[in-house]
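Generate the whole structure from the sequences, applying the supplied hints.
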Amino acid sequence: MAAVEVRGLRKAYGEIKAVDGVDFEVQAGETFGFLGPNGAGKSTTIKILCTLATADAGSARVAGFDVGTQRDDVRRHIGLVFQDTTLDSYLSAEQNLRFHAELYGMPRDVVAPRMQQVMEMVGLWERRASKVLTFSGGMKRRLEIARGLMHSPRVLFLDEPTVGLDPQTRASIWEYIGQLREQEEITIFLTTHYMDEAEHCDRIAIMDNGKLVALDTPERLKASVGTDRVTIQTADDDAALAVLPGAVASSDGILISVDDGAAYVPKLFATLTVPITSVTVTRPSLDDVFLSYTGRTIRDSEQTPGMPAFMSAMARR
Amino acid sequence: MTTVAAVAVPQRGLVLDLRAIKIVVQRDLIRTFQDRTRFVAALVQPLLFLFVLGSGLSSLTQRSTGTLDLRTFMFPGILATSTLFTAIFSAVSIVWDREFGFLREMLVAPVRRSSIILGKGLGGATVATLQGILVLVLAPLVDVPLTPGLVVTLLAEVFLLSFTLTALGLAVVARIRQVQTVMGLMQVLLLPLSFLSGALYPLSNLPTWLSIAVRINPLTYAVHPIRSAVFSHLSMPADVRARLNPPITWNGWVVPTPVQLLLVAVIGVVLMGVAVRQFQKVE
Chain Y
1 MAAVEVRGLR
11 KAYGEIKAVD
21 GVDFEVQAGE
31 TFGFLGPNGA
41 GKSTTIKILC
51 TLATADAGSA
61 RVAGFDVGTQ
71 RDDVRRHIGL
81 VFQDTTLDSY
91 LSAEQNLRFH
101 AELYGMPRDV
111 VAPRMQQVME
121 MVGLWERRAS
131 KVLTFSGGMK
141 RRLEIARGLM
151 HSPRVLFLDE
161 PTVGLDPQTR
171 ASIWEYIGQL
181 REQEEITIFL
191 TTHYMDEAEH
201 CDRIAIMDNG
211 KLVALDTPER
221 LKASVGTDRV
231 TIQTADDDAA
241 LAVLPGAVAS
251 SDGILISVDD
261 GAAYVPKLFA
271 TLTVPITSVT
281 VTRPSLDDVF
291 LSYTGRTIRD
301 SEQTPGMPAF
311 MSAMARR
Chain X
318 MTTVAAVAVP
328 QRGLVLDLRA
338 IKIVVQRDLI
348 RTFQDRTRFV
358 AALVQPLLFL
368 FVLGSGLSSL
378 TQRSTGTLDL
388 RTFMFPGILA
398 TSTLFTAIFS
408 AVSIVWDREF
418 GFLREMLVAP
428 VRRSSIILGK
438 GLGGATVATL
448 QGILVLVLAP
458 LVDVPLTPGL
468 VVTLLAEVFL
478 LSFTLTALGL
488 AVVARIRQVQ
498 TVMGLMQVLL
508 LPLSFLSGAL
518 YPLSNLPTWL
528 SIAVRINPLT
538 YAVHPIRSAV
548 FSHLSMPADV
558 RARLNPPITW
568 NGWVVPTPVQ
578 LLLVAVIGVV
588 LMGVAVRQFQ
598 KVE
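Quick mapping for you: the protein sequence lines, in order, are chains Y and X. Reminder that position 261 of the first sequence reads as 261 in my numbering, one-by-one numbering, no gaps. Reminder that position 69 of the second sequence reads as 386 in my numbering, one-by-one numbering, no gaps.
Hints are computed from structural coordinates only; laboratory data are not their basis. No false leads were slipped in.
Lysine to any residue pairs mimicking SDA-like chemistry, simulated, CA-CA at most 25 Å apart:
(1) X/K598 x Y/I46
(2) X/K598 x Y/D66
(3) Y/K131 x X/L420
(4) Y/K267 x Y/L244
(5) X/K598 x Y/Q83
In structure tokens:
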């Protein structure tokens, strides 16, 4: 059974078609990345999947339940970690989780062991009695993830789990997510703006203008937009150019486009008689993938055209 | 690799909703007991009213209150108004919850939204009743004899009053997103409600417009039973009693205390229904 199953999903806000006929499936146990420029419709799609908005047409099932007709069943089987904090900072970490356990009606005898388990997973067990307001941004995010896991959801939705965190904390959050994939039988559905982080996903969907424009593994998406670039510097570029088919001279040296750069380099060394002084293999990045499917880089797309970042931040308030 | 105990969330049902209500109330209580300064601050207002304003005005009013100390007369009204403030501000806390995101955690849970809102209402009423207990401790200082029966009656009435007020607060703030907006709005709402309730003056010999306004104000029907309960434990000449605690009449009909309390309860339930509906419209 697919963990998430979306069929012909549509949602319009007035004239704007936020979600314009979207179909996809997420397999159980998968880590699924959902990318797209702002206003592409990914927030609306997630809201529908989390039962926070209703679709105009089409259907969606999460953990086997219909998001339209079995709202509470869906809610019981999903964990939500929003971009903005939803913790009570005047309560302790433990009290926040206990509140969640009660609200989700967890059987009383499993609350304590489960709490210890999820808090140990995110490395906060020692801080359980501290009020949340004493926590750093990264700790709060980790606590939110722990809370989202409390009731053992089948699908965990993470909306920008690392946004606004420093690189070190971002890395540690990914470490916890990796651990989570090993320890729990869970499907992770996440959105992110950091293309390097999308690499952690099993599959990636890119949404643009309300439609799904790409859906595949990161490897295949990258392969689909272009080949690897092998750049070499040699003792005698002219001689090398003469014997290498398809090679072109560039400012960095000799540029060769091949399907599999890693496999090409050993062959190159074996066949080329001209001494090679340096080799660089560049693979297409997910940034290239994003650019090729949406016509924008993800950083450009974070801003509304003509509006500086701080203004769009103010407008969101 | 550790194996995971499968945690099955039980089916929805009354038990689940009751647990949700309970934990929402419990959170309000935890927050209240943590914030002891708020408790102390909440006592300042009744103390000022009773001992500063009450003592100061006593010399002016001696003739009209007769043998009864003005502070004794004011006590039930002050009990009512101080719980009024606490109850309304408990309702306002839901706007804080929204601003700090915690409301979202509550609204996405697999429980009826009405359970959450009802929990908030009962939480506010409980906190306000605790506040009422603190004010009750002052009673002997102004010659109100506290018998167990009176204490139980007063606390029950205060609970009812504060539940209705919290419901009113919730209905008003349901769509409001900013605490700033609420603070101003509450001032506009609170002062007329308390001034027009007869909490601070007797309902006799009022100008016609004021006596109509007082009868329209639902709070009047919560304040009057509280005062009647206190007065039934005081001894004073019949004419003073008639002047200071006259019965509420509708077109000549004396409204009995149970009817007044029922009226307050019905208004509370209706307002709670409005609040739930409002919150159901929020995503």
